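Student: Take a look at the letters that make up each chain.
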Amino acid sequence: MIASTKPAKPASMLTTNLVFIGRSLRHSLRNTEALMMAIMLPVMLMLLFTYVFGGAIDSGGDYVNYVVPGIILLCAGFGSSSTAVDVSNDMTNGIIDRFRTMPIKSLSVVTGHVAASLARNLFATAVVIGVALLVGFRPNASFIEWVLAIGVITLFILTFTWLFAAIGLVAGSPAAASGYGFALLFLPYLSSAFVPTDTMPSWLQGVANHQPITPVIETIRGLLTGTPLDNSAWWAVGWCLFILTLAFVWSIFSFRKKAGRR
Amino acid sequence: MKSMAIEVSGLRKSFGKQSVLSGLELSVPAGSVFALLGPNGAGKTTLIHILSTLIAPDGGKVLVGGYNVQTEQELVKQHISLTGQFAAVDEVLSAEENLRMIGRLSGLSSSQSRTRTEELLKAFDLVDAAKKRVKTYSGGMRRRLDLAISLVVDRPVIFLDEPTTGLDTVSRRALWDIISELASQGRTIFLTTQYLEEADQLADQIAVINGGRIVATGSAEQLKARVGGEVIELLNGHDEVIHTVPTTGSIQDISRTLNELVHSVPPGTRVNIRRPSLDDVFVALTTNGKEVL
Numbered sequence: 001m002i003a004s005t006k007p008a009k010p011a012s013m014l015t016t017n018l019v020f021i022g023r024s025l026r027h028s029l030r031n032t033e034a035l036m037m038a039i040m041l042p043v044m045l046m047l048l049f050t051y052v053f054g055g056a057i058d059s060g061g062d063y064v065n066y067v068v069p070g071i072i073l074l075c076a077g078f079g080s081s082s083t084a085v086d087v088s089n090d091m092t093n094g095i096i097d098r099f100r101t102m103p104i105k106s107l108s109v110v111t112g113h114v115a116a117s118l119a120r121n122l123f124a125t126a127v128v129i130g131v132a133l134l135v136g137f138r139p140n141a142s143f144i145e146w147v148l149a150i151g152v153i154t155l156f157i158l159t160f161t162w163l164f165a166a167i168g169l170v171a172g173s174p175a176a177a178s179g180y181g182f183a184l185l186f187l188p189y190l191s192s193a194f195v196p197t198d199t200m201p202s203w204l205q206g207v208a209n210h211q212p213i214t215p216v217i218e219t220i221r222g223l224l225t226g227t228p229l230d231n232s233a234w235w236a237v238g239w240c241l242f243i244l245t246l247a248f249v250w251s252i253f254s255f256r257k258k259a260g261r262r
Numbered sequence: 001m002k003s004m005a006i007e008v009s010g011l012r013k014s015f016g017k018q019s020v021l022s023g024l025e026l027s028v029p030a031g032s033v034f035a036l037l038g039p040n041g042a043g044k045t046t047l048i049h050i051l052s053t054l055i056a057p058d059g060g061k062v063l064v065g066g067y068n069v070q071t072e073q074e075l076v077k078q079h080i081s082l083t084g085q086f087a088a089v090d091e092v093l094s095a096e097e098n099l100r101m102i103g104r105l106s107g108l109s110s111s112q113s114r115t116r117t118e119e120l121l122k123a124f125d126l127v128d129a130a131k132k133r134v135k136t137y138s139g140g141m142r143r144r145l146d147l148a149i150s151l152v153v154d155r156p157v158i159f160l161d162e163p164t165t166g167l168d169t170v171s172r173r174a175l176w177d178i179i180s181e182l183a184s185q186g187r188t189i190f191l192t193t194q195y196l197e198e199a200d201q202l203a204d205q206i207a208v209i210n211g212g213r214i215v216a217t218g219s220a221e222q223l224k225a226r227v228g229g230e231v232i233e234l235l236n237g238h239d240e241v242i243h244t245v246p247t248t249g250s251i252q253d254i255s256r257t258l259n260e261l262v263h264s265v266p267p268g269t270r271v272n273i274r275r276p277s278l279d280d281v282f283v284a285l286t287t288n289g290k291e292v293l
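The listed protein sequences correspond, in order, to chains V and D. Residue 18 in the numbering used here is what sits at position 18 of the first sequence, and the numbering runs on without skipping anything. Residue 70 in the numbering used here is what sits at position 70 of the second sequence, and the numbering runs on without skipping anything.
No wet-lab data here; the hints were simulated from the structure. A few of these clues could be false.
Which residues of chain D face chain V? A partial, calculated answer using Cβ under 8 Å [unchecked claim]: (1) Gln70; (2) Glu74; (3) Gln78; (4) Ile80; (5) Gly107.
Being a predicted model, the structure only gives us computed values, none of them experimental. Idealized CB from N, CA, C, for every residue including glycine.
This is chain V alone, in the form it adopts within the complex (with noise of 0.2 Å):
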């Protein structure tokens, strides 16, 4: 009844990376609150800082156009955030010691997540630009400059999955790795996301003008609305890469850690 059935090989590393992005992709489409919240947020905060905080702040322009790249990169990284619980969820429950057990490259559970979430936030990205141009946002990109946009936000979300995965692999719970994730969401706040810079106090701006949120959202803000660039692309670029490096071995370290307890 219970005959056998025996594989040629192990299952190649592609397989079992697409086996686990169709994994984390079914995981997304099925919590459909936190899908909802991923996209519905930003989308009120939006709304909020257009109609309601927009008519206090003088950004020397239109607000919405001042504020929309901010409100991208927020929604970034509130969405990336729930990466940090799906991988603390499956290193707690007893799947992960199956996937060990098995003769694969156990990594790839997390490669599942980020890529999953790589997905989700793009998407949602796409609907926030959507309302944003509903309710006035006037971008004067080049088509080519909208290509480099969408790469450095893609750039971002992924950097930001990978570190809010490095939260998961080494959060006790779930709940610790929501609490975590919901500690690096203020950075967006204390940057040039929604006010310039040179409205703060000095020792703050001190902080606003080096953390790496803003040279991101400077960036996405002169690719897409013709502000000055300067080097804040570059600065993006590194950050986001130094950060993605740091993230990944680190959640490679705390993998093997956590789930060897070797």
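Here the structure of chain V is known, so what remains is to put chain D in place on it, guided by the hints.
Tutor: Structure of chain D alone, referenced to chain V:
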């Protein structure tokens, strides 16, 4: 001489200062059902985790299917399947999706996984629930799915860590039937349990683990014989044991004993002849320990 599916010698493992396994010796012949019996905290799960490559031993030699768990991990992994203590299933996916996923990860082609999934859903009585999310399953269904997942591809050595803990009697018996069937197909099954009845029912060989060492091994019968033979118990009207006398179990011995006792006991005394159960063995071995044997 029969080949050994699992061979462990001098195995040591500690977490921090706490020593969990101290010089454990064990061998399991290929094709047998081996039950590891022990109280909570005796080191059962740690041992299974070491055998299935999840954690590394501190010392000693551990071979599974002839491969070293530390230096030949990938080969060991191709040889085993683990069903852990907590149902290792993906709750968000359906039973069908779980099985197909594991099929693909195990190196089956898409169509092979599909065929295999259908077979297993039938064999484990999960056809009706196949497309429902596992989150909605009962404990027994989860366990069946868990075991089905372990069997997507044929692995010669199957580890089951407390496979029936928390199940009702009907589900437990259903699972026992499945395990017996797997064993009859020549696989080696290594299971841990707290239930003596389970070990008695399923296992060819039982090892009792206590304090990080194996304190006794043998068949259920051999273990029972080790704690002593049968006893005659005298019970008062409230079913309380008031006197016990060892006996060989022969009619002559029982008759002689009863004749000696018959005038010295109060009226209403009743007699019970008790053979030691595995429970007796377990209590004897795990409380005041090794000196009993």
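Student: Enumerate the violated hints, using their earlier numbering and listing them in ascending order.
Tutor: 1
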